[in-house]
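Q: One letter stands for each residue in the lines below.
Number of protein chains: 2
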Amino acid sequence: MQCVNVELKERRYPIYIGEHLLTDSSVYPLKSGDKVMIVTNETIAPLYLETVANTLKRIGCQVDHVLLKDGEKYKTLDSLNQIFTALLQQNHGRDTTLIALGGGVIGDVAGYAAASYQRGIKFIQIPTTLLSQVDSSVGGKTAVNHELGKNMIGAFYQPITVIIDTTTLNTLPKREVNAGLAEVIKYGAILDYPFFEWLERHIDNLVALNQQDLQYCIARCCQIKADVVAHDETEKGERALLNLGHTFGHAIETHLGYGNWLHGEAVAAGSMMAAALSEKLGDLTHTDVARLEKLFARANLPTFSPDGMQPEDYLPHMMRDKKVLAGKLRLVLLKTLGQAYVTTDSDPTLVLEAIRACTQAD
Amino acid sequence: MQCVNVELKERRYPIYIGEHLLTDSSVYPLKSGDKVMIVTNETIAPLYLETVANTLKRIGCQVDHVLLKDGEKYKTLDSLNQIFTALLQQNHGRDTTLIALGGGVIGDVAGYAAASYQRGIKFIQIPTTLLSQVDSSVGGKTAVNHELGKNMIGAFYQPITVIIDTTTLNTLPKREVNAGLAEVIKYGAILDYPFFEWLERHIDNLVALNQQDLQYCIARCCQIKADVVAHDETEKGERALLNLGHTFGHAIETHLGYGNWLHGEAVAAGSMMAAALSEKLGDLTHTDVARLEKLFARANLPTFSPDGMQPEDYLPHMMRDKKVLAGKLRLVLLKTLGQAYVTTDSDPTLVLEAIRACTQAD
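Sequences listed follow chains F and S, in order. Mapping of the first sequence onto the UniProt record's numbering: residues 1 to 362, in sequence order. Mapping of the second sequence onto the UniProt record's numbering: residues 1 to 362, in sequence order.
If you are wondering where the hints come from, they were derived from the structure by calculation, not from laboratory data. Mixed in with the good hints there might be a few duds.
Identical copies go unnamed one by one, so any copy, or any two together, can satisfy a pair.
In silico DSS-like cross-links for lysine-lysine, where the CA-CA straight-line distance does not exceed 25 Å [stated by the list, open to error]:
| no. | residue 1 | residue 2 |
| --- | --- | --- |
| 1 | Lys35 | Lys328 |
| 2 | Lys9 | Lys122 |
| 3 | Lys57 | Lys328 |
Fair warning: this is a prediction, and the values are worked out from it, not measured in the lab.
Sequences and hints are given; from them, build the entire structure.
A: Structure (structure tokens):
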């Protein structure tokens with residue numbers, strides 16, 4: 001088992017990473033008599049709900065659960081309200097603990113519910129997808145979507161513990177494992193060139209779910225993100241680097257409708273657009289761009305704009321992104337592989353050319 | 001003009017209290033070019049929306065507004081979503097400022113919207129009711145109701161400035177002025193005996209809206225609450241004292257349905273129940289209880305349980321209160337006038353007797 005400690009101004013919490021942690025009662029910060037509400041979805045429940053509930057009952061907790069529908073389109077205020085209703089119907093007070101068991105959607109909705117229920121209750125995350133293990137389990141970003149924009153409603157709210165059982169990845173669809181690898185590759189590209197090289201050597205093992213490499217990889221990603229977040233809890237500066245490819249990616253997700261491309265897939269294509277722009281600005285070499293593209297491709301990820309989406313379709317969506325400040329597009333670009341920066345004065349013509357460079361002719 | 005500074009761990013903000021502040025551009029912490037969204041309701045808008053908007057336009061701000069329906073029953077996730085929709089439709093980014101113009105409901109909903117929109121934007125409060133001026137403008141509690149419980153969903157979120165224009169009380173229904181005085185009297189009863197005595201001398205002036213006494217009174221209440229909140233931002237200890245009468249009061253509001261009794265009216269009757277219990281415990285004298293009752297009565301406030309509500313109707317509602325910890329009822333009681341304390345081991349039989357003492361025979 002590996003442990004990464006996230007150190008924040010007001011609090012610290014551990015991320016445990018290992019095999020078969022769902023049944024390891026020693027990693028749960030709970031005691032006999034504690035009330036717990038598990039939030040999960042209809043896909044995860046048959047796989048892991050009973051396992052987790054039994055571990056908690058062994059500790060002596062009183063365990064309730066609420067099942068959300070599976071999918072990004074249920075990341076809504078309505079699902080949030082479903083959690084509040086369950087908490088109130090089962091008389092959960094301010095001293096209860098909410099457990100998110102599932103992927104990023106469950107983590108985001110349950111985390112925001114924990115932040116909001118009676119103005120804040122304790123929260124434990126058990127992410128079961130690679131994406132949520134390397135991304136949303138660190139940083140305290142919680143949110144639901146609004147019909148006019150993704151992640152527009154939420155809070156910064158930290159869990160008390162994150163429990164990552166890497167064996168849960170064995171039941172995850174391959175396409176989602178790959179989408180998670182998009183964020184993994186992103187960490188190497190923006191902040192850690194040695195890790196980028198490690199990925200070039202181990203990406204096939206990760207795709208094949210080698211447990212040892214997975215644990216190293218997840219711990220490394222959590223550590224990178226934890227370091228960034230510790231410096232910048234509410235995303236004023238350095239944390240923005242983590243959004244490489246995300247502004248382009250959100251445009252893709254919004255244009256196609258949530259859930260047609262996976263988030264990681266949109267981030268992969270979006271990162272290639274950021275890389276193309278970085279090359280046009282004379283920072284990345286053509287070889288760098290090709291190395292990044294190859295890594296994404298080996299993880300079976302898209303490196304081009306979706307079929308039928310025109311370069312002109314991007315900017316209106318991008319201008320509505322949360323990262324827009326005072327009407328200025330804020331993009332994360334690469335100086336070199338392993339070193340990203342944020343800019344607010346990109347030339348819209350160049351941005352369009354970079355998108356075009358990642359658009360395949362019909 | 002009076003100014004009370006609220007000093008919190010991470011930040012401080014001023015509360016300005018005076019006549020005609022709505023049109024005083026110097027109290028708004030905004031500059032030319034800032035985007036602003038005013039949240040108000042259909043009752044307040046015809047009275048003050050244009051006044052505030054014009055002041056902001058004089059500063060050079062870009063001003064939008066959103067109108068909610070008036071009333072506690074609109075303190076919902078739906079109203080919250082209406083604010084998000086307006087913000088997104090008008091392309092408000094993370095750097096926008098939300099202004100709550102109205103009473104406690106507007107402040108609570110808009111404050112929670114500000115806490116949640118893009119995970120937090122700047123927030124200014126302009127409370128236009130006495131209750132919101134002395135209570136919800138300090139402390140950062142924001143919330144909406146759930147059909148199973150009041151204020152169950154929310155956040156702790158601080159404004160950057162509070163602007164209290166006491167002349168707005170001239171358009172407030174008398175019944176609401178009186179309801180605000182319930183919270184004013186509460187401050188004296190729990191923490192400030194000299195202020196309690198001041199109220200015994202000036203309550204008639206306050207009922208008559210004497211501007212000078214109102215300003216002193218509001219500033220004093222804000223200062224008392226600011227001191228309490230500074231010690232206890234997230235309501236773990238001392239802050240609970242502010243809830244004198246509230247657990248009984250919430251039971252009344254829930255039983256009657258939101259909005260039949262005003263919050264302050266329920267707090268007045270609830271405070272008398274707490275006082276009756278304190279007398280039964282041998283802390284308050286009969287004279288103390290009578291002085292408290294007289295002060296409420298001079299402000300035309302109810303000091304008895306609503307007609308038709310039975311003493312037995314209270315406990316089920318009270319046990320669902322946010323202040324319940326580990327299944328234990330947590331009540332604020334009085335040692336003497338001006339000194340409150342919190343207890344979690346009240347005898348249910350005595351609680352019922354206290355409620356009965358405040359119930360009029362049919």
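Q: Would you mind marking each hint as holding or not holding in the structure?
A: Verification of the hints:
1. Lys35 - Lys328: between (46 Å within a copy, 14 Å between copies)
2. Lys9 - Lys122: For Lys9 and Lys122, both the intra-copy (18 Å) and inter-copy (21 Å) Cα distances are at most 25 Å.
3. Lys57 - Lys328: Between copies only: 23 Å across chains, 52 Å inside a chain, cut-off 25 Å.
Of the numbered hints listed earlier, not one is contradicted by the structure.
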